[in-house]
Amino acid sequence: MSEDLRWMSTRELAARIAEKEISAREALEDQLRRIDEVNPALNAVVTRDDERARAEAAAADDALAAGAEIGPLHGVPMTHKDTNDTAGMRTTWGSPIFADRVPESDSLIISRLRRAGVITTGKTNVPEFAAGSHTFNPVFGVTRNPYDREKSASGSSGGVGAALAAGIQASGDGSDMGGSLRSPGSFNNVAGFRPTNGRIPNSSPSPFSWLGQTGFMARTVSDIAFLMSIAAGPEPGLPAILPEPGSVFDRPQFRLGGQAPDLTGVRIGFSPDLNGLLPVESEVIDIVAATAPVFEGLGASVDDNIPDLSDGDEVFGVRRAMDFLASWGGLYETDRDRMKESVRWNIEAGLRLTGPQIVSAEAARARLSGEVQRFFADRDLLVLTTCQVLPFDVGIEYPMEIDGVELETYLDWMRAPCLITATGCPAISVPAGFSAAGLPVGVQLVAKPGDDVRLLEIAQAFEQATRWNERHPTVDQ
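Just add 1 to the spot in the sequence shown (first one is 1) and you have our numbering.
Hints were generated in silico from the structure; no laboratory data involved. Every residue, glycine too, gets a C-beta built ideally from N, C-alpha and C. Some hints here could point you the wrong way.
[Claimed, not checked] Cross-link-like lysine to aspartate or glutamate pairs, in silico, DMTMM-like; alpha carbons within 25 Å at most:
| id | residue 1 | residue 2 |
| --- | --- | --- |
| 1 | K341 | E151 |
| 2 | K152 | E282 |
| 3 | K341 | E409 |
| 4 | K341 | D381 |
| 5 | K152 | E398 |
[Unchecked claim] Derived Cβ-Cβ restraints for the label pairs, each shown as a range:
| id | residue 1 | residue 2 | range |
| --- | --- | --- | --- |
| 6 | D101 | P246 | 31 to 41 Å |
| 7 | E402 | A60 | 28 to 38 Å |
| 8 | G258 | A66 | 45 to 55 Å |
| 9 | E20 | P139 | 37 to 47 Å |
| 10 | E471 | D305 | 42 to 52 Å |
Make a model of the complete structure from these sequences and hints.
Written out as structure tokens, the structure is:
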């Protein structure tokens with residue numbers, strides 16, 4: 002059974018538990034065994050509570066046996082990203098400051114998963130304060146890529162990505178500011194979805210935190226739609242840009258056995274490097290460029306008409322600085338010596354902001370919004386690279402150059418997702434192929450704000466046509 006469960010989708014596992022073909026206890030014990038097998042090599046899961054999970058699994062089986070009403074994820078075991086609060090289980094943000102922090106309540110995305118029946122088994126690793134797209138911190142160390150343990154798993158949802166790729170679980174929650182779901186999706190050969198701002202309400206106390214959105218990663222687009230149907234939708238007392246319920250994601254094509262529609266009539270603007278705006282490694286360019294014929298073969302029309310996203314750098318940079326200052330400025334005053342340099346750099350950038358800089362960034366945001374509206378007036382999708390580099394050596398903090406182009410900051414190698422974040426558009430990274438050395442590469446698909454469901458339909462069509470997501474690593478060998 003272990004081999005069968007290892008690569009089973011979340012949808013199928015939930016269905017088989019509900020039909021009593023697999024017990025919640027069996028599903029849990031299989032996950033715990035898999036963590037024992039692969040986690041020593043990967044360091045993806047950093048906190049566990051086996052005793053609590055076993056008690057919850059037993060209760061789930063008893064409830065099912067008694068004929069109780071169950072949720073759509075009843076009995077499904079799942080670890081969670083270590084930036085999402087879990088009541089009674091430590092949530093550290095990868096920071097020595099929070100190393101022993103145990104929240105009293107769940108964050109919104111966790112509470113919705115648990116109401117649906119998820120059994121919380123542990124937490125997955127993140128960079129310190131989720132800053133940077135390489136998962137390492139002084140509390141737990143570095144997370145390694147299941148396809149090559151000497152390479153990065155990316156981040157900040159790197160622990161989640163590695164857990165999915167290694168067969169620990171089929172899907173998991175995360176968050177994305179500058180690509181923190183999309184980049185590890187690319188590095189780990191899974192799908193990573195950043196929803197439209199407000200699709201899942203943001204409970205952050207920072208008034209500038211619209212850059213950061215919670216969302217999901219999974220080995221299949223179908224599972225992402227499944228989890229979105231559970232976690233999306235408005236919440237009383239929280240701001241929500243989109244009032245639609247999560248049920249809009251419950252479409253027949255996403256269900257077990259469902260087939261994505263063809264893409265006849267879909268209009269795609271395509272450029273791996275945004276017409277030279279981004280430095281991108283040549284092998285990544287080649288792999289992403291090879292996806293254009295796939296879309297055309299599915300019926301879409303593809304051309305190189307793309308939006309000008311050059312204002313995105315200013316929008317993202319200023320808003321990120323404001324968000325870090327609002328979120329962590331107080332800790333900076335008391336514990337700056339216990340923060341890594343890149344976290345301090347972000348906060349200090351916020352402290353240096355002037356009124357004219359903020360006004361300029363808001364003007365850039367208005368121009369960027371207009372450019373996005375112009376593009377999507379006659380296009381359905383923008384396609385570009387997810388990551389500008391292949392998975393890099395696990396021992397460095399971030400790449401310093403791309404194909405001879407020197408980079409100025411730790412954010413420059415991740416501009417491809419950061420620029421899309423600045424637009425507020427929904428975006429997903431889906432597996433697009435492998436390098437000559439066997440390293441995964443993802444392609445980033447972007448739709449207009451609010452068009453999340455259609456975006457997932459297109460992503461599923463690409464996934465089913467290519468099947469790159471079915472190429473699993475051999476981390477346990």
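Cross-check of the supplied hints:
Between K341 and E151, the direct Cα distance comes to roughly 22 Å. Compliance with the 25 Å bound is thereby established for this hinted pair. A C-alpha spacing of about 16 Å is found between K152 and E282, which places the hinted pair at or below 25 Å, so the restraint holds. Between K341 and E409 the CA atoms are separated by roughly 18 Å; this keeps the pair inside 25 Å, and the hint holds. Distance check on the hinted pair: K341 and D381 sit about 41 Å apart at the alpha-carbon level, beyond 25 Å; violated.
Taking the CA atoms of K152 and E398, the gap is near 11 Å; set against the 25 Å cutoff, the hint holds. A C-beta distance of roughly 38 Å is found between D101 and P246, which places it inside the suggested range of 31 to 41 Å. Restraint check, E402 to A60: a C-beta distance of roughly 53 Å breaks the suggested window 28 to 38 Å. Under the hint 45 to 55 Å, the C-beta atoms of G258 and A66, about 28 Å apart, miss the expected range.
Range check, E20 to P139: about 45 Å between beta-carbon atoms, so the 37 to 47 Å window is met. For the pair E471 and D305, the beta carbons lie near 30 Å from each other, so the given range of 42 to 52 Å is not met.
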